[in-house]
Amino acid sequence: MDMQKLYLLVPLAPLLGAMIAGLFCRIISRPLAHTVTIAGVATAFLASILIFQDVLAGNTFNGTVYHWMTSGDYSFEVGFLIDQLTVTMMLVVTFVSLMVHIYTIGYMQDDPGYNRFFSYISLFTFAMLMLVMSNNFMQLFFGWEAVGLVSYLLIGFWYTRPTAIVANMKAFLVNRVGDFGFILGIGLVLAHFGSLDYKTVFSQAAALADVLVPIVPGVEWGTVSLMSATCILLFIGAMGKSAQVPLHVWLPDSMEGPTPISALIHAATMVTAGIFMVARMSPLFELSETALSFVIIIGSITALFMGFLGIIQNDIKRVVAYSTLSQLGYMTVALGASAYSIAIFHLMTHAFFKALLFLGAGAVIIGMHHDQDIRNMGGLRKYMPITWMTSLVGSLALIGTPFFSGFYSKDSIIEAVALSNVFGSGFAYFAVMAGVFITAFYSFRMFFLVFHGKERFGKHESSHGTHSHDGDHDDEEVSPDHHHGLGPGEKPHEPPLVVTLPLILLAIPSLFIGYFAVEPMLFGGYFDGAVFINSHIHPAIEEMGKEFHGAVAMALHSFSTPVFFLAVSGVVTAWVFYLKCPNIPAAIKSVFDPLYKVLENKYYFDEFNERIIAGGARLLGKGLWRGGDAGVIDGVIVGGSVRVVEIFSLLAKLLQSGHIYHYAFSMIFGVCALLSFWLLRA
Amino acid sequence: MSEMPLLSLAIWVPILAGLVVLTSGAERNASLARKFALIGAGIGFLVTIPLYTGFDVSTPTMQFVELMPWIPRFNINYHLGVDGISVLFIILNSFITFIVVVAGWKVINFRVAQYNAGFLIMSGFLNGIFASLDGMLFYVFFEASLIPLYLIIGVWGGPNRVYAAFKFFLFTLLGSLLFLIALIYLYFVSGNSFSILEWHQLPMALDAQKWVFLAFMVAFAVKVPMWPVHTWLPDAHVEAPTGGSIVLAAIALKLGAYGFLRFSLPIAPDASHEFSGLLIGLSLIAVVYIGLVALVQQDMKKLVAYSSIAHMGFVTLGFFMFSPLALEGAIVQMVSHGFVAGAMFFCIGVMYDRVHSRQIADYGGVVNTMPKFAAFFMLFAMANAGLPATSGFVGEFMVILASVKFNFWVAFTAASTMILGAAYTLWMYKRVVFGDVGNHHVAELSDISAREFFVLALLAVGALGMGVYPYPFTEVLHSSVNELLRHVAVSKIL
Numbered sequence: 001m002d003m004q005k006l007y008l009l010v011p012l013a014p015l016l017g018a019m020i021a022g023l024f025c026r027i028i029s030r031p032l033a034h035t036v037t038i039a040g041v042a043t044a045f046l047a048s049i050l051i052f053q054d055v056l057a058g059n060t061f062n063g064t065v066y067h068w069m070t071s072g073d074y075s076f077e078v079g080f081l082i083d084q085l086t087v088t089m090m091l092v093v094t095f096v097s098l099m100v101h102i103y104t105i106g107y108m109q110d111d112p113g114y115n116r117f118f119s120y121i122s123l124f125t126f127a128m129l130m131l132v133m134s135n136n137f138m139q140l141f142f143g144w145e146a147v148g149l150v151s152y153l154l155i156g157f158w159y160t161r162p163t164a165i166v167a168n169m170k171a172f173l174v175n176r177v178g179d180f181g182f183i184l185g186i187g188l189v190l191a192h193f194g195s196l197d198y199k200t201v202f203s204q205a206a207a208l209a210d211v212l213v214p215i216v217p218g219v220e221w222g223t224v225s226l227m228s229a230t231c232i233l234l235f236i237g238a239m240g241k242s243a244q245v246p247l248h249v250w251l252p253d254s255m256e257g258p259t260p261i262s263a264l265i266h267a268a269t270m271v272t273a274g275i276f277m278v279a280r281m282s283p284l285f286e287l288s289e290t291a292l293s294f295v296i297i298i299g300s301i302t303a304l305f306m307g308f309l310g311i312i313q314n315d316i317k318r319v320v321a322y323s324t325l326s327q328l329g330y331m332t333v334a335l336g337a338s339a340y341s342i343a344i345f346h347l348m349t350h351a352f353f354k355a356l357l358f359l360g361a362g363a364v365i366i367g368m369h370h371d372q373d374i375r376n377m378g379g380l381r382k383y384m385p386i387t388w389m390t391s392l393v394g395s396l397a398l399i400g401t402p403f404f405s406g407f408y409s410k411d412s413i414i415e416a417v418a419l420s421n422v423f424g425s426g427f428a429y430f431a432v433m434a435g436v437f438i439t440a441f442y443s444f445r446m447f448f449l450v451f452h453g454k455e456r457f458g459k460h461e462s463s464h465g466t467h468s469h470d471g472d473h474d475d476e477e478v479s480p481d482h483h484h485g486l487g488p489g490e491k492p493h494e495p496p497l498v499v500t501l502p503l504i505l506l507a508i509p510s511l512f513i514g515y516f517a518v519e520p521m522l523f524g525g526y527f528d529g530a531v532f533i534n535s536h537i538h539p540a541i542e543e544m545g546k547e548f549h550g551a552v553a554m555a556l557h558s559f560s561t562p563v564f565f566l567a568v569s570g571v572v573t574a575w576v577f578y579l580k581c582p583n584i585p586a587a588i589k590s591v592f593d594p595l596y597k598v599l600e601n602k603y604y605f606d607e608f609n610e611r612i613i614a615g616g617a618r619l620l621g622k623g624l625w626r627g628g629d630a631g632v633i634d635g636v637i638v639g640g641s642v643r644v645v646e647i648f649s650l651l652a653k654l655l656q657s658g659h660i661y662h663y664a665f666s667m668i669f670g671v672c673a674l675l676s677f678w679l680l681r682a
Numbered sequence: 001m002s003e004m005p006l007l008s009l010a011i012w013v014p015i016l017a018g019l020v021v022l023t024s025g026a027e028r029n030a031s032l033a034r035k036f037a038l039i040g041a042g043i044g045f046l047v048t049i050p051l052y053t054g055f056d057v058s059t060p061t062m063q064f065v066e067l068m069p070w071i072p073r074f075n076i077n078y079h080l081g082v083d084g085i086s087v088l089f090i091i092l093n094s095f096i097t098f099i100v101v102v103a104g105w106k107v108i109n110f111r112v113a114q115y116n117a118g119f120l121i122m123s124g125f126l127n128g129i130f131a132s133l134d135g136m137l138f139y140v141f142f143e144a145s146l147i148p149l150y151l152i153i154g155v156w157g158g159p160n161r162v163y164a165a166f167k168f169f170l171f172t173l174l175g176s177l178l179f180l181i182a183l184i185y186l187y188f189v190s191g192n193s194f195s196i197l198e199w200h201q202l203p204m205a206l207d208a209q210k211w212v213f214l215a216f217m218v219a220f221a222v223k224v225p226m227w228p229v230h231t232w233l234p235d236a237h238v239e240a241p242t243g244g245s246i247v248l249a250a251i252a253l254k255l256g257a258y259g260f261l262r263f264s265l266p267i268a269p270d271a272s273h274e275f276s277g278l279l280i281g282l283s284l285i286a287v288v289y290i291g292l293v294a295l296v297q298q299d300m301k302k303l304v305a306y307s308s309i310a311h312m313g314f315v316t317l318g319f320f321m322f323s324p325l326a327l328e329g330a331i332v333q334m335v336s337h338g339f340v341a342g343a344m345f346f347c348i349g350v351m352y353d354r355v356h357s358r359q360i361a362d363y364g365g366v367v368n369t370m371p372k373f374a375a376f377f378m379l380f381a382m383a384n385a386g387l388p389a390t391s392g393f394v395g396e397f398m399v400i401l402a403s404v405k406f407n408f409w410v411a412f413t414a415a416s417t418m419i420l421g422a423a424y425t426l427w428m429y430k431r432v433v434f435g436d437v438g439n440h441h442v443a444e445l446s447d448i449s450a451r452e453f454f455v456l457a458l459l460a461v462g463a464l465g466m467g468v469y470p471y472p473f474t475e476v477l478h479s480s481v482n483e484l485l486r487h488v489a490v491s492k493i494l
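Chains as they are written, first to last, in this note's numbering: chain S, 1 to 682; chain Y, 1 to 494.
Derived from the structure by calculation, the hints contain no laboratory data.
Only a predicted model underlies this, so the values are computations on that prediction, with no experimental measurement involved.
A virtual CB, placed ideally from N, CA and C, is assigned to each residue, including glycine.
A hint or two may mislead.
[As the list claims (entries may be wrong)] Computed spacing ranges between beta-carbons, pair by pair:
1) Y:E274 to S:G222: 24 to 32 Å
2) Y:T59 to S:T64: 21 to 29 Å
3) S:R30 to Y:W409: 52 to 60 Å
4) S:R26 to Y:W70: 53 to 61 Å
5) Y:N407 to S:A209: 21 to 29 Å
6) Y:L206 to S:F423: 28 to 36 Å
7) S:R643 to Y:L458: 41 to 49 Å
8) S:I613 to Y:W70: 55 to 63 Å
9) S:G194 to Y:E274: 28 to 36 Å
10) Y:R486 to S:L56: 48 to 56 Å
11) Y:F188 to S:L679: 38 to 46 Å
12) S:G615 to Y:R486: 43 to 51 Å
[Claimed, not checked] Listed next, the stretches of chain S that the computed footprint assigns to chain Y, with coverage defined by at least 3 CB atoms under 8 Å from CB atoms of chain Y:
13) 67-74
14) 180-189
15) 615-623
In isolation and in its complexed conformation, chain S is listed as follows (with noise of 0.2 Å):
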């Protein structure tokens, strides 16, 4: 088959499928809705992989599907890239894709919105994939948008729920200040690059490294690096999608959204967006130190931060949300480490095992009838033997365990900070180890208490009273139809097999993708020609690749790091405190009450938004509308003309009274008036 069909059958398939089933959702029945969208989704998948395979024999393409228009010099057009990179992400997209597609044939299947929701992922896989396919930033720039659009209808899928509504909109105004950046520096892209092609823009980048633009007109001092001042504004529109401190507030509460989306777009495709797009644009990025700086740093604060707030959680969908977000700061902090293709290394592992540990939350969240609470659950090991299982699998990929597919990408980031030398990198090399003790802590905690230790479910209507106080909002305003729980006497049991074959599937490369993956696509140059390192100043990659001798002695090496002892420390204190000697975290947690406080309010990142932005915005425009417009448009200019032209008509009016004396006199004064005048100038 002609390859550019082939290309162009990849992001319209899922296309079709969401049409048919959105279009129709009234009319066509279940099965029929998740038979084309999954079948749209597998063709996209099938045709990746002829696609890959293609790649690997060393065929790539650029080139243009349509023009959607022209104007002045500048064309824009709708066209694929086509090489190493895009094809990755293509395969980790449609796979998971796939993945979920099965697995809400069982999740949803209760739910009255089932065709809409087929319909919204489908056009999700089509907007992700426009995205990672474009060969230009319009493009870009439409799949970026359109994965928000399709984020914001599924974060609020169920539009009853007052929490799921604020989320969503929330979500996309959140995404929206990091667009507002992301399109200023598209619009630098055109005004100094003369185009929006990948191609044309990085083949002008190395002449356009020293550029200065004036930020302060007319000051000489006031002007910034084109390349940094572009960068760092791109890079604002990737913390919006990647979710980076401070833009990163919207991802926790996007697990309002039913949890298979959670699982493909707020873990393993949309939030990695951003990811993908910085190292896109890695000939860009190379040549700014100051916006690798930037990156770095913003990562570790996201990397290390983000982690803390895991510990503290007890939904176990914001468990895995909070997760998600310092697993993204390491990949920012690898970007900025300059260390892309090891970036999209850890993308492609943590989209397995990450939408692995969501599928899993959401099979226990099916097992607990919709309770999400890890400290109603326990003991679910034996009534969830695969879930049981592959969250296991997932978690530990997930700490970084030796052979597993998340030990190959981390570690191969830590070893990166640590050779980088780019502003920054100090710190970021202290937050992603510390991060290694606290993601391991995190993720058996929960694990820990979800499918070990005692059975605390059961006892709904007691536990409900009482854990309401304990600070976790969300549960009051869920409505009761998802949210029940367990009756007493009520066991969890496991999942249908829709729901546990997605489980075992993604389970599969969150074992082994490390192993096999990790020495092509690191060391063995997969990247070349798709990503751009300046290894001259940059030279982190290139001294791994010598020390680098086989995935089995990277695994065996790592037993006697520093990183292996602090995951283990990890696990082993959350044993301790979760299984063990349950009072411990109590105990701590009333010693140092202030600063928990402050993690249980999340930094006050939220209040601080809901109250001095959103509310200042408020409140200016009243004071705009009520001062400027009805006050002084209406009320002094308005109203004063009018109120001038009044005045003079009243004047007027006195003159008409209608009586003959009144005339006669004024005619009688008039006439004096005028006499006396000509006499005395006579």
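Chain S is already provided as a structure; the job is to place chain Y on it using the hints.
What follows is chain Y alone, placed relative to chain S:
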């Protein structure tokens, strides 16, 4: 080129149709009046299609020209012609007229013939504005088009319509007078000519240009409307019936912006450069200030009216950066706004017809009872927020990109619409559509009828089509925009 006087047809077919509709007169003939109006509007739209298909995109000269003496004593001519800019608005206007007739089909039951006739006649006048190449002819159409609009607000409007109409009158009166004075001045300095194309070539001293520019500016700024002469618009929208709001937003707001392109920029290019800072400043105020004001509106129509002002700020911003990308972006934004704002007002009308309230607080959870409507409303809300693949994105994207090249801080301020536009639109959408059923009115809502579906689908095709494939829209613009910019770049100072 076609033999038919297509532009005359575009003007007089709807006007004649309107007169025919009027003859059906009494209320008992209402259904006949509706049918006549539909046929008239349909033919009125069809006769504008050859304007696009027969349009030669390679030349900036006026096409489909018609020239006849009208008042020879003052050298006033019936002079029509279109370039790539005006042709789009004639087609858009005829399309919107068709939409409005369908939109009012079941809703208007009071003086049906007069209502439909008003829109048809207004449609002809509006086409006349876009097609006029004679200053006085333009002025006559410009003023005449207001009469049907006054009547539509005044007769079929809300409880406070007198105040709204009065305010509208007060604002436009000042502008119209200055506009007329400027036209007469140009007539004398050009040696007794009202030809707009001759005025384009007319050399003028900078001071004279400045006065002419300012006179035009006041007239057009009120129409756009630009900050600070915008306060009539929210009141007019609130009182106008749905159809009136659609035409007001989709077409009437474009008159001022079109005036800038046809008169201010080419006739007073040096003054345009001189005052560009002022105009850009006012446009940016419109984007930010009005965006914030829109955020706190409690009346949906007011909110969309304010959002219209902010979007028109993008239009005037695009005009005064004098680059092809910005100017074409501004024009694309004008056309897009026709679809999107028209659709937003129609959506509000759909809810108003059922609940008889425009207050956001009176709704909540509309999606539960009107899922099809909610889907359309979502699409247009997203288009209003400038989401890619909708028409709302194209113009904003072009203007923002062009402004980065012009001045980064201008772009920075303008790009705030990314956040503000999304904030006010989605916050309204959330409060109105999402959530549990808010009250018994919402619980009793019935989803859109086939007629409403048809209107929304037509507008959706416009908004989506233009977003996915804007090429056909920008293609007709290039020659005319380049010609306009060439005019603006050459000094006319004596």
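Here's how the hints hold up against the structure:
Checked against the hint of 24 to 32 Å, the C-beta distance between E274 (chain Y) and G222 (chain S) comes to roughly 26 Å, which is consistent with it. For the pair T59 (chain Y) and T64 (chain S), the supplied restraint of 21 to 29 Å holds, since their beta-carbon distance comes to about 27 Å. At about 53 Å, the CB distance of R30 (chain S) to W409 (chain Y) agrees with the hint of 52 to 60 Å. R26 (chain S) and W70 (chain Y) have their C-beta atoms about 57 Å apart, which keeps the hinted 53 to 61 Å range intact.
Roughly 23 Å separates the CB atoms of N407 (chain Y) and A209 (chain S), a value that falls within the hinted 21 to 29 Å. At about 53 Å, the CB distance of L206 (chain Y) to F423 (chain S) disagrees with the hint of 28 to 36 Å. Taken as a hint, the range 41 to 49 Å holds for the pair R643 (chain S) and L458 (chain Y), whose Cβ atoms sit roughly 47 Å apart. Separation of I613 (chain S) from W70 (chain Y) is about 59 Å and conforms to the stated range, judged on CB atoms against 55 to 63 Å.
Judged by the Cβ atoms, the range 28 to 36 Å given for G194 (chain S) and E274 (chain Y) holds: they are separated by roughly 29 Å. Taking 48 to 56 Å as the suggested C-beta distance range, the pair R486 (chain Y) and L56 (chain S) conforms, at roughly 53 Å. In this structure the hint that F188 (chain Y) and L679 (chain S) lie 38 to 46 Å apart at CB holds, the actual value being about 44 Å. About 49 Å separates the C-beta atoms of G615 (chain S) and R486 (chain Y), a value consistent with the hinted range of 43 to 51 Å.
Coverage of the segment 67-74 of chain S by chain Y holds [criterion: at least 3 residues with CB-CB distance below 8 Å; count 8]. Counting residues of the segment 180-189 of chain S whose beta carbon lies closer than 8 Å to any beta carbon of chain Y gives 6, which reaches the threshold of three, so the coverage claim holds. Counting residues of the segment 615-623 of chain S whose C-beta lies closer than 8 Å to any C-beta of chain Y gives 5; at least three are required, and the coverage claim holds.
In this structure, only the earlier hint numbered 6 is contradicted, and the remaining ones agree with it.
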